[in-house]
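Please work from the sequences and hints to get the whole structure.
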Amino acid sequence: MAQLLLVIFVSARVRVELFEGAKMKYIIAIIKPFKLDEVREALTAIGVAGMTISEVKGFGRQKGQTETYRGAEYTTNMVPKVKIEIATSDEMAPQVIESIEATAQSGSIGDGKIFMLDLGAATRIRTGENGDTAL
Amino acid sequence: MVKTLGMTGGAIMALLLTASPAWAQEAVATAAPVADKGDTAWMMTATILVMAMIVPGLALFYGGLVRTKNMLSVLTQILAVASLAMIIWVMYGYSTAFGPEGNAFISWGNYFLAQTSADSTAVTFTDGVVIPEFVFIAFQMTFAAITVSLIVGSLVERFKFSALMVFAAVWLTIVYFPIAHMVWAEGGLIFDMGALDFAGGTVVHINAGIAALVGCLLLGKRSGYQKEIMAPHSLTMTLIGTGLLWVGWFGFNAGSALEANGSAGLALINTFLATASGVLFWMLTERALGHKGSLLGACSGAIAGLVAITPAAGNSGPFGAILLGAIAAPIACYFVMKLKTKLGFDDSLDVFGIHGVAGIIGSILTAVTMLPALGGPAGEDYDLVGQLGTQLTAVAIAIGWCAVGSLIAFGVAKITVGLRVSEEVEREGLDLGEHGERAYNY
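Top line first, the protein sequences correspond to chains P and D.
Just add 10 to wherever you are in the first sequence, counting from 1, and you've got the numbering used here.
Just add 2 to wherever you are in the second sequence, counting from 1, and you've got the numbering used here.
If you're looking for bench data, these hints aren't it; they were derived computationally from the structure.
Treat the hints loosely; a few may be bogus.
A partial selection of chain D residues facing chain P, derived with a Cβ cut-off under 7 Å [to be verified]:
#1 ILE231
#2 ALA233
#3 PRO234
#4 HIS293
#5 LEU297
#6 LEU298
#7 MET339
#8 THR343
The C-beta atom is built at its ideal place from N, Cα and C for all residues, glycine as well.
Below you can see the structure in the form of structure tokens.
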């Protein structure tokens, strides 16, 4: 595991050197599925041009549901969530996080989490543009 | 023609308490009757309604209840085993159950339907009323097919396809045909006792339930049973299956009157009411046991109600039918939800828990629903206690015969091809392991 991380780290360093000057962030947000539309609208409003969505399952503090089929009880520990991934410029990043936090919040347990990582490189496949112009 | 009538005298079911072999002979003595077009049309309709109960009804009902990786195997098993039953039925099954000559246990003659032509007729419950014999043969054929298909439910997700085919051939021969003869054919052991079984409480449901129980005990649990999640993969399919079973059951129950008449009409309304009652009372029982009222519960209750009314369909008034559903569904529900879990055997789709339990309740209580107080058709000289004893004896004989016969049939399958798929196939799913296909390719 440590080796793997090292490889990723090293290769990330290489990429950063390759595209020096590109200052980008990668934001991952895990939210409640029903909040997705609201979050998307808010992000579009502040100028986020694209995002990747996946339906995921996981657990945190929120408990799963119990299902019963003719007396056979199954407790599902995993709760369905939506994962949003956004690559953004350094300047935009705080705004993006703020806006997700504001819209995805319902106040109850299981609202989710937001993570931010440094992003080393980005390439638009169609044009070959690199760095934050590719976003 | 006279000969044909004599031969099909066995067609008589135990509808009337007063039924005696005498009136079959009276029919022979009069001029050869011609089948009524209305009766014929209804019985042909009833026959294909029962067919729809099997494929797609039962196939989807069961299929929805298994995991995605075993869906296709359930559909295939039902389709194939029903088809096998049909072929065996015309080869020697019909002869063994309703043949021209016989004793209290089986009959014989008319193999490969050699003595039946388009002009042959089968007697019904009314003097001088007949239906074409081919229609009667086809109608009874669907009963054999659905009974053996029902057993699949306790064996799913681990039973070998080849073992099912071997088991089915043996089981039909030594269990289904003899019991159908004993209960429904004139001269049959249970028929002559005066036991009531309008549409197959003993022949179909107790029979399938006991065989399923024996099978799942011999076969053992699915690996991961009560440890892994084995939730139904599509209750939507199960609801579609339930609906088709309910609709098809009108052919099953009302068709068992063998005529388009008042008795069929009584069976029709009872088939609505017992089922509706079963749906509601199963869900109420779930609530009483501390669970939510569920769709699977409602579907299970519908089947419990349908099973319970089957032996009583024409032997009960409408409120007797409601009562049957209200008694059978809670007991089956308790058995399935609490007792089975405690006993720990893996009757996977509750064939015994629903068909066996509700079938036994229905078959015994048919003696009670006969009472005029419940709208039943009993006469003034009706002996409730005596009839209860007869029903109990009939149920006991069916259970005993079926248990022993099922042991033998599963034993033959075990010796010849083995009962269970390999652990690897079970883990990967029977769809790929047994049939080389998947039910779903998204």
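Measuring from the C-beta of HIS293/D to each C-beta in chain P, is the shortest one below 7 Å? Holds - the Cβ of HIS293/D comes within 7 Å of chain P, reaching about 5 Å at its closest.
Is the shortest C-beta separation between LEU297/D and chain P less than 7 Å? It is violated, given that the least Cβ distance between LEU297/D and chain P is near 10 Å, above 7 Å.
Using 7 Å as the Cβ threshold, decide whether ILE231/D counts as touching chain P. Result: holds, 5 Å to nearest chain P Cβ.
Given a cut of 7 Å on the nearest C-beta pair, is the interface hint for PRO234/D held or broken against chain P? At about 6 Å, which falls below the 7 Å cut-off, the nearest Cβ of chain P leaves the hint on PRO234/D intact, so it holds.
With chain P as the partner, please determine if THR343/D meets the hint condition of a C-beta pair closer than 7 Å. holds (5 Å)
Are LEU298/D and chain P close enough, Cβ to Cβ, to be under 7 Å, as the hint says? holds (6 Å)
Verify the interface restraint on MET339/D: the C-beta must sit less than 7 Å from at least one C-beta of chain P. Since chain P brings a Cβ to about 3 Å from MET339/D, closer than 7 Å, the hint holds.
Evaluation of the interface hint that places ALA233/D against chain P, nearest CB under 7 Å: holds (6 Å)
Figure legend: structure checked against the earlier numbered hints; the only hint not met is number 5.
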